[in-house]
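Novice: Please put together the full structure from these sequences, using the hints given.
In the UniProt record's numbering, the protein residues as written are 1 to 77.
Fair warning: there could be bad hints in the mix.
[Unchecked claim] Listed next, the in silico SDA-like pairs over lysine to any residue satisfying Cα-Cα at most 20 Å (straight line): (1) K53 with L41; (2) K18 with Q29; (3) K9 with K20; (4) K53 with I42; (5) K20 with E10.
[What the hints assert, rightly or not] Restraint-style ranges between C-beta atoms, simulated for each label pair: (6) Q59 with R38: 29 to 39 Å; (7) F44 with D14: 38 to 48 Å; (8) Y51 with H16: 43 to 53 Å; (9) Q59 with T19: 53 to 63 Å; (10) D26 with H48: 24 to 34 Å; (11) D14 with Y51: 51 to 61 Å.
Because the hints were derived from the structure by calculation, they are not lab data. It should be emphasised that the depicted structure is a prediction, and the values quoted were computed from it without experimental measurement. Glycine included, each C-beta is placed from N, C-alpha and C at the ideal position.
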Amino acid sequence: MYNVQIASKEWQLDVHYKTKIKEMEDVQQKMKTKEMNRLQLIVFEEHHIVYKKHHKKLQTDVEMTELVTTKTDINKK
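Specialist: Below, the structure written as structure tokens:
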């Protein structure tokens with residue numbers, strides 16, 4: 001009877017241990033997925049910042065060009 005109880009307890013612990021390992025692996029998997037999503041988000045944000053800077057530069061270039069053309073037009077008159 002005593003041996004059966006020990007064996008049963010060991011089996012319960014084994015199942016518990018395996019369940020915990022499985023839970024940990026699931027959490028790690030979720031973390032990896034979340035981490036990937038976070039990285040993708042960072043990359044996207046960086047691209048967005050670069051795009052905004054580029055767009056601002058383009059706008060400035062256009063404004064400068066307009067200024068130059070207006071000045072030459074004024075000078076021609």
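Novice: Of the hints given before, which are not true for this structure?
Specialist: Violated: none.
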